[in-house]
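K.L.:
The listed protein sequences derive, respectively, from chains A and B.
Number 88 in this note's numbering belongs to position 88 of the first sequence; there are no gaps in the numbering.
Number 236 in this note's numbering belongs to position 236 of the second sequence; there are no gaps in the numbering.
Hints should not be assumed to be uniformly reliable.
[To be verified] Some chain B residues flagged as far from chain A (calculated, every beta-carbon gap over 10 Å):
id: 1; residue: Pro41
id: 2; residue: Asp98
id: 3; residue: Arg245
id: 4; residue: Gly247
id: 5; residue: Gly254
id: 6; residue: His280
[Stated by the list, open to error] Computed Cβ-Cβ distance ranges for the label pairs, DEER-style:
id: 7; chain 1: B; residue 1: Asn42; chain 2: A; residue 2: His183; range: 24 to 30 Å
id: 8; chain 1: B; residue 1: Pro110; chain 2: A; residue 2: Ala161; range: 25 to 31 Å
id: 9; chain 1: B; residue 1: Asn162; chain 2: A; residue 2: Trp24; range: 32 to 38 Å
id: 10; chain 1: B; residue 1: Leu29; chain 2: A; residue 2: Trp24; range: 47 to 53 Å
id: 11; chain 1: A; residue 1: Ala126; chain 2: B; residue 2: Pro110; range: 39 to 45 Å
[As the list claims (entries may be wrong)] Below, computed lysine to aspartate or glutamate pairings styled on DMTMM-like, alpha-carbon distance capped at 25 Å:
id: 12; chain 1: B; residue 1: Lys69; chain 2: B; residue 2: Asp12
id: 13; chain 1: A; residue 1: Lys263; chain 2: B; residue 2: Glu73
id: 14; chain 1: A; residue 1: Lys263; chain 2: B; residue 2: Asp12
id: 15; chain 1: A; residue 1: Lys263; chain 2: B; residue 2: Glu63
id: 16; chain 1: B; residue 1: Lys69; chain 2: B; residue 2: Asp24
id: 17; chain 1: B; residue 1: Lys69; chain 2: B; residue 2: Asp86
id: 18; chain 1: B; residue 1: Lys69; chain 2: B; residue 2: Glu9
id: 19; chain 1: B; residue 1: Lys69; chain 2: B; residue 2: Asp151
id: 20; chain 1: B; residue 1: Lys19; chain 2: B; residue 2: Glu73
id: 21; chain 1: A; residue 1: Lys263; chain 2: B; residue 2: Asp60
id: 22; chain 1: B; residue 1: Lys69; chain 2: B; residue 2: Glu182
id: 23; chain 1: B; residue 1: Lys69; chain 2: A; residue 2: Asp265
id: 24; chain 1: A; residue 1: Lys263; chain 2: B; residue 2: Glu9
id: 25; chain 1: A; residue 1: Lys263; chain 2: B; residue 2: Asp24
id: 26; chain 1: B; residue 1: Lys19; chain 2: A; residue 2: Asp265
id: 27; chain 1: A; residue 1: Lys263; chain 2: B; residue 2: Asp86
id: 28; chain 1: B; residue 1: Lys19; chain 2: B; residue 2: Glu63
What the hints contain is simulated information worked out from the structure, not anything from laboratory work.
We put the CB at the ideal spot given by N, CA and C, even for glycine.
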Amino acid sequence: MNAGPLEAVRAEWIKLRTIRSTAWALLAFAGVSILFTTLTTSGSSTTGGSPGHPGDNDIILDSLSGIWFGQIGAAVLAVLTITSEYSTRMIRTTLAANPRRRTMLGAKTAVVATVVLVIGFAICVACFLIGQAFLRRGGFVYENGYPAVSLVDGEAFRAVALGTLYLGLMAVFSIGVGAILRHTAGAITLVLAVLLGPVIAFNLLPERIAEPLERFSLLGAGLAGQQTVDRADNIPMGPWAGLAVVTAYAAVAFVVALVAITKRDA
Amino acid sequence: MFVVQATIEAHDLSKRYGKTVAVDGLSFLVQPGRVTGFVGPNGAGKSTTMRLILGLDAPDGGEVRVGGKRYGELAAPLSVVGALLDATATHPGRRGRDHLRWLATSNGLPRRRVDEVLRLVGLTDVAGRRTGGYSLGMAQRLGIAAAMLGDAPVLMFDEPINGLDPEGIRWIRGFLRSLAAEGRAVLVSSHLMSELEGTADDVIVIGRGRLIASTTVSELLSAASDGRVNLRTPRAAEVMALLARAGGTPTSTGPDSITVIGLEAARIAELTTERGLPLHELTPQRASLEEAYIELTQDAVEFTAGGERT
Chain A
1 MNAGPLEAVR AEWIKLRTIR STAWALLAFA GVSILFTTLT TSGSSTTGGS PGHPGDNDII
61 LDSLSGIWFG QIGAAVLAVL TITSEYSTRM IRTTLAANPR RRTMLGAKTA VVATVVLVIG
121 FAICVACFLI GQAFLRRGGF VYENGYPAVS LVDGEAFRAV ALGTLYLGLM AVFSIGVGAI
181 LRHTAGAITL VLAVLLGPVI AFNLLPERIA EPLERFSLLG AGLAGQQTVD RADNIPMGPW
241 AGLAVVTAYA AVAFVVALVA ITKRDA
Chain B
1 MFVVQATIEA HDLSKRYGKT VAVDGLSFLV QPGRVTGFVG PNGAGKSTTM RLILGLDAPD
61 GGEVRVGGKR YGELAAPLSV VGALLDATAT HPGRRGRDHL RWLATSNGLP RRRVDEVLRL
121 VGLTDVAGRR TGGYSLGMAQ RLGIAAAMLG DAPVLMFDEP INGLDPEGIR WIRGFLRSLA
181 AEGRAVLVSS HLMSELEGTA DDVIVIGRGR LIASTTVSEL LSAASDGRVN LRTPRAAEVM
241 ALLARAGGTP TSTGPDSITV IGLEAARIAE LTTERGLPLH ELTPQRASLE EAYIELTQDA
301 VEFTAGGERT
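Let's have the full structure, built from the sequences with the hints guiding it.
P.N.:
What follows is the structure in structure tokens.
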């Protein structure tokens, strides 16, 4: 008998599986992602290119667009896994069963992040395939400058992989915020504000403020990982720099959460 | 019988929340093989102390050890301390059995323990229901089942009688006694001393975070009873004179009733029998546990009737 990291991971996995909200949140995550990819790509038309010349529509980015909406489901799931323990006061049972709080929070984070990564990868692949199918039907074909893209092509695969990683790291960030605030509504509000605030602000602020804001926003940095065409309205950063920024968000939230959960009374 | 020393030892434990002193220099020892009542008015610091024992809150001063170790050092805490703090603190959407499953898994306990403790508390039939639909009594039983998962030598129950029906109360009293009989240390909190009458061997009484008494129930009772004996006799005057000569202090409490201090009931019976004086009643007065407790805590209740802090 031992309450070690492996036992903590197993226990958190049972917890995650045995409440209904997990399934609902994952369903929302997948459903909304696919719905918005469908909406974006089914209404798109070839604007940039003339016959025989490549257009500059980013068909990879466009087909993955649904995850920016669907991610809310993953964020809510991640927040709830920790804040619901505080709202039900079950956290005391959890921490009495495993007084090594960093191990517990690490296990919880690992379990949720893994689930979001696995489901997120499936969602990214589905969005890519569905998006490509709709775009081809909408005229994004070789003759109009859009050669067919396959999932295993370098840029497409990178976009899907980075999109998946973004989702996993965003979930880690959300758990961190949940563990710091310990309050469901507060944590969800803060996560949404971090995700959507810069998007709203971008349209209202002068460019010298808006540009770095976009670059260092969670969403902007995540989006940079999926840009495959050089366009004027691109986020001005490379995919790997974007990944670094997203990782920093997750790391800071997680580390602060680890310190907070150790220092505070349960 | 147990590998781990079955004790809870608190030394000079203190805890403040802001300006409120919840626990103030508390020291006590909970011993194996005994049910220890942990009693005090609401707000006396009982739940805070239990949170300190479980390492949920960090003390501002002093320390508490369970089985000789600090809680955080325990490799598999559930197999050392079983605790019921707050029975309703489960996720309402999770089934009772699943709640016990994740708990057992977190300490590497065998899965059969889940079914064993469900049977132990008589909850097998509703184990498949979500805990949000449990009555308070069912929630208490689930909490007790959770505390029993690790078959721990030290057990701690915060107000376990709350919410139980009379049948449940009788059950838990017998259950607590049987746990102590197995050699476990059992700490049971209550704000009503009467709930513990006939159950607890020892009592730790606290008020406003401070220790008021740490004693055995029998000592507490004899300290509170001043050895009064009530008797009724048709020949009151003669009996009073007799008892006064024998060294007692009789007081007339009615035409044929007398209260005596300073003589035991047996001695009174001998004396009156020798003289052929008839007795219709002879009753030694024992204080109830509740009376003893009220006497103890009179000065320590959080607020006096005037609402001012004593």
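K.L.:
Under the criterion that the straight-line Cα-Cα distance not exceed 25 Å, is the pair lysine 69(B), aspartate 151(B) satisfied?
P.N.:
Given that 25 Å is the threshold and the Cα spacing comes to 18 Å, the pair holds.
K.L.:
Mind checking the alpha carbons of lysine 19(B) and glutamate 73(B) for me, to see if they're no more than 25 Å apart?
P.N.:
violated, 30 Å
K.L.:
Given the hint that lysine 263(A) pairs with glutamate 73(B), does the C-alpha gap stay at or below 25 Å?
P.N.:
holds, 17 Å
K.L.:
So the hint says 25 to 31 Å: do the beta-carbon atoms of proline 110(B) and alanine 161(A) match that?
P.N.:
violated, 41 Å
K.L.:
Does arginine 245(B) really sit off the interface, with its C-beta more than 10 Å from all C-beta atoms of chain A?
P.N.:
holds, 64 Å
K.L.:
Please test the hint of 39 to 45 Å on the beta carbon pair from alanine 126(A) and proline 110(B).
P.N.:
Holds, at about 40 Å.
K.L.:
Within 25 Å, alpha carbon to alpha carbon, are lysine 19(B) and aspartate 265(A)?
P.N.:
OK: lysine 19(B) and aspartate 265(A) at ~16 Å, within 25 Å.
K.L.:
Does glycine 254(B) sit more than 10 Å from chain A, CB to CB?
P.N.:
holds, 56 Å
K.L.:
Sort out whether glutamate 182(B) lies within 25 Å of lysine 69(B), counting only the CA atoms.
P.N.:
Holds: lysine 69(B) and glutamate 182(B) sit about 22 Å apart, inside 25 Å.
K.L.:
With a cut-off of 25 Å on the C-alpha distance, tell me whether lysine 263(A) and aspartate 60(B) pass.
P.N.:
holds, 13 Å
K.L.:
Run the distance test for lysine 263(A) versus glutamate 9(B): straight-line Cα separation, threshold 25 Å.
P.N.:
Status holds; Cα separation ~24 Å.
K.L.:
Against the range 32 to 38 Å, how does the distance between the Cβ atoms of asparagine 162(B) and tryptophan 24(A) compare: consistent or not?
P.N.:
Roughly 33 Å apart at Cβ, these two residues keep to the hinted range, so it holds.
In this structure, the earlier hints numbered 2, 8, 20 are contradicted, and the remaining ones agree with it.
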